[in-house]
Amino acid sequence: MMPPRQGWEALQERLLFLPPLPEQLDPLALFALLLVAGLLVGETLFRRFGLSRIVGYVLAGAVAGPGVLGWLDRETVALAKPVADAALGLLLLETGRHLDLRWLNANRSLLASALAESGLAFVSIFTFALLAVGLSPGWSAATAAITMASAPAVVLLTAQENRAQGQVTQRTLLLTAISCALSFVVFALVLGVVHAEQAGDWLNAIVHPLWVVCGSAGIGLACARLALAIAARQAKGSAAQVFILVAVALLAIGVARMLAVPVFLSLFMMGAALNLADQTKVLAYTRLPEGHWTLAIVLFVVTGAMLPLDKLSWLTGLQAIGLIVVRGLAKFAGVVLTGRNDLPAAKRRLVGVGIQPLSATAIFMGAELAAIYPEVSGQALLLPLLAAALMELAGPQLCRYAFKQAGETEPPPEPRR
Amino acid sequence: MSDLSQLRFTPSRPLTLGVELELQLVSLRDYDLTRAATDLLGGLHYDDRFGEIKLEITESMIEVNSRPRQDVTAIAADLDGLRQVLVEHCQRNNIAVCGGGTHAFHHWPERRISPGERFAFLNERYGYLSKQFTVFGQHIHIGVPSGDDAIWLTHALNLHVPHFVALSAASPYLDATDTGFESARLNAVSAFPLSGQAPDVADWAAFLDHMALLQSCGVAESIKDLYWDVRPKPEYGTVEVRVCDTPLTVDRATELAAFAQCLARYLLRERPPVVPAMQALVARYNKFQACRFGFAAELADPLRRCKTPLATALPALLEQLAGDADDLGCRPQLDRLRALAASHQGDAAWLRQTYQATGNLHDLTRAAADEFARPSSYCAQA
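Protein chains in written order, with UniProt numbering: chain A, 1 to 417; chain B, 1 to 382.
A few of these clues could be false.
What the hints assert, rightly or not - Listed next, the in silico BS3-like pairs over lysine-lysine satisfying Cα-Cα at most 30 Å (straight line):
# : chain 1 : residue 1 : chain 2 : residue 2
1 : B       : K307      : A       : K404
2 : B       : K54       : A       : K404
3 : A       : K281      : A       : K311
4 : B       : K131      : A       : K236
Derived from the structure by calculation, the hints contain no laboratory data. All values derive from a computational prediction rather than experimental measurement.
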């Protein structure tokens with residue numbers, strides 16, 4: 001019997017339109033297969049073992065990525081980056097919409113909790129990175145800025161996945177949104193510090209953070225206004241409004257990429273602006289379509305593939321675990337020690353657990369920094385990225401545990417017969 | 001399990017009033033019902049000065065009970081105090097509290113049964129009906145001095161169930177649909193096997209025999225199992241009117257309490273003829289008429305063998321009660337009900353008009369929550 005290659009070549013002589021026998025799988029096809037694999041692993045972990053689906057998606061990306069099996073090379077990951085950008089952008093848009101300043105105004109102890117947990121996390125991580133790991137002040141600040149926030153995508157998707165409702169869920173979402181906002185501000189300032197530390201370039205040290213903050217805020221505000229203006233002509237909550245919301249969000253992502261402004265920050269700003277500027281509730285009742293779960297799979301598979309698992313050693317692993325412990329205790333203490341008259345202690349503890357996730361945003365922030373100083377950032381960013389890698393697996397579980405212990409989750413619906 | 005044949009009626013001062021309101025807890029993000037009652041009570045630091053705040057059958061409901069009061073002014077103060085406590089505490093939890101007999105668009109399978117033995121028992125007994133029972137009513141207690149008076153007043157008030165329904169109707173929307181009813185809430189109550197009218201018993205002794213029968217057959221373990229439109233409540237020494245929708249404002253709730261007090265006073269004083277067996281023939285039909293058509297209901301009168309428009313019977317009755325209202329100090333509340341009966345612009349009409357103006361049920365619920373948050377005009381006058 002003729003081997004397949006020879007058979008193909010024989011056919012090629014007769015059929016002029018046939019291409020040469022493909023040597024390897026097309027990156028897009030490979031990526032699609034990985035998405036399906038991620039989905040299946042995630043569903044299996046969720047249904048069989050009660051684990052978060054997100055863990056499955058990350059595992060699929062990490063195992064197939066350059067750090068382990070290498071099926072997904074850096075080129076393929078780069079190919080999928082715009083889709084992952086869009087996924088993270090849409091999830092941060094939703095997170096921004098949870099930044100509810102009216103709630104903070106009505107309940108000041110929440111503001112105290114938010115400032116305490118984010119502030120303690122920043123100081124603790126900075127000190128740990130500076131003294132225990134020996135990073136420079138600039139990179140210690142960058143590490144703290146990147147890892148101080150909770151993971152908005154994980155928290156949001158965990159709440160949706162478990163149909164969680166209640167004070168622990170609501171407060172975890174709000175504190176996540178606030179910690180993201182603070183982390184983004186600190187991150188912009190750190191950009192300046194890194195410029196000054198690495199290149200002594202004072203012009204860029206001042207102008208780059210301004211560009212990032214003003215550019216993101218400008219894009220976010222303008223796109224929010226645009227979405228509201230167009231959506232006001234449509235029925236509230238209609239499919240047309242969903243389309244407008246998604247389309248304008250994609251526009252914001254595109255403009256942010258064109259202007260080299262962080263996508264995650266621009267979309268977060270857009271979400272926050274939508275929440276604040278929407279006085280007549282034009283888009284308040286419009287939700288992202290269920291399809292954003294598909295984007296979430298892309299996001300976490302890509303995130304998994306971006307994890308620097310090949311650089312994991314005993315020392316770096318221990319340092320990352322140290323960072324996670326220090327950060328975790330600081331965030332937990334910040335929530336438990338504040339708001340005593342507002343929420344029972346048991347529920348405050350669960351909020352403290354719910355805000356532990358750390359992942360995609362941190363990794364994307366790291367990528368922003370790495371793009372500016374590729375030659376020095378590799379080693380300096382290893383600590384936050386490895387911490388994020390470990391928390392990719394533990395974070396969703398902790399968040400789910402908190403919501404479940406609070407009695408705020410719903411069992412998954414029975415499959416239809 | 002107590003022996004219902006030995007149930008004692010605790011006498012109370014005649015015409016004492018008490019009001020219970022079942023209220024909706026909604027999310028500020030989309031104004032859908034939200035699971036919030038346990039958290040709300042868990043973080044509430046409140047000394048019961050205006051009455052109790054309690055869990056109800058599902059986590060998206062909360063019940064407030066006024067203290068027993070002698071007059072409507074004190075009831076208005078209690079309800080307004082409870083309203084204020086709830087509104088402020090809900091704001092701290094990023095939710096809102098709202099009146100109305102039904103939530104316009106919630107999805108009942110998403111409701112969760114509240115913790116507690118009684119709620120678990122109801123869920124076990126009634127299955128999905130217990131989640132569908134996420135509807136919101138106002139119950140009015142009127143004090144009576146004896147069990148015999150309670151039984152008589154129960155029958156006498158049964159005749160006026162359509163009047164209470166029309167005046168309080170605030171549930172035209174259900175499952176994101178205009179039901180065409182003024183009060184769709186009572187259809188959810190009708191699904192329960194022990195709903196309807198109290199049996200035709202002559203006095204307290206006969207009522208106890210009836211309860212013993214129900215208990216011996218395993219139908220009911222306590223008075224709480226009976227979802228009658230009007231029922232005696234022996235432990236409080238009251239007769240309880242249970243057919244009103246929770247109104248959109250505490251003002252309307254106060255006015256309905258005033259109506260119940262005036263009507264009870266009039267009935268107990270005049271003792272008009274009451275024929276429960278004849279009333280029972282048309283009670284369900286008359287209640288349906290009021291639920292469906294509100295003030296435009298046509299009531300069947302089995303004694304005179306004719307039909308009577310509620311639109312003429314209700315203003316006449318309110319006119320008749322004016323003297324009692326003067327004596328009880330609730331004339332302003334009764335006058336407002338007279339204006340309402342003349343205009344037919346009740347809460348159901350307000351909900352429909354607001355929906356027309358806003359074009360969606362989320363904004364309708366938001367407007368209803370804003371309406372409930374308004375302080376009582378009766379307390380401002382005081």
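- Within a Cα-Cα threshold of 30 Å, do K307 (chain B) and K404 (chain A) meet the stated pairing? 57 Å, violated
- Would the pair K281 (chain A) and K311 (chain A) pass a check requiring their Cα atoms to be no farther apart than 30 Å? 48 Å, violated
- Item | K54 (chain B) paired with K404 (chain A) [C-alpha distance capped at 30 Å] | Between K54 (chain B) and K404 (chain A) the Cα gap is close to 24 Å, so the pair holds against 30 Å.
- Task: For the pair supplied as a hint, K131 (chain B) and K236 (chain A), confirm whether the alpha-carbon distance does not exceed 30 Å.
- Result: Satisfied, since the Cα-Cα distance of roughly 28 Å is no more than 30 Å.
The structure shown violates the earlier hints numbered 1 and 3.
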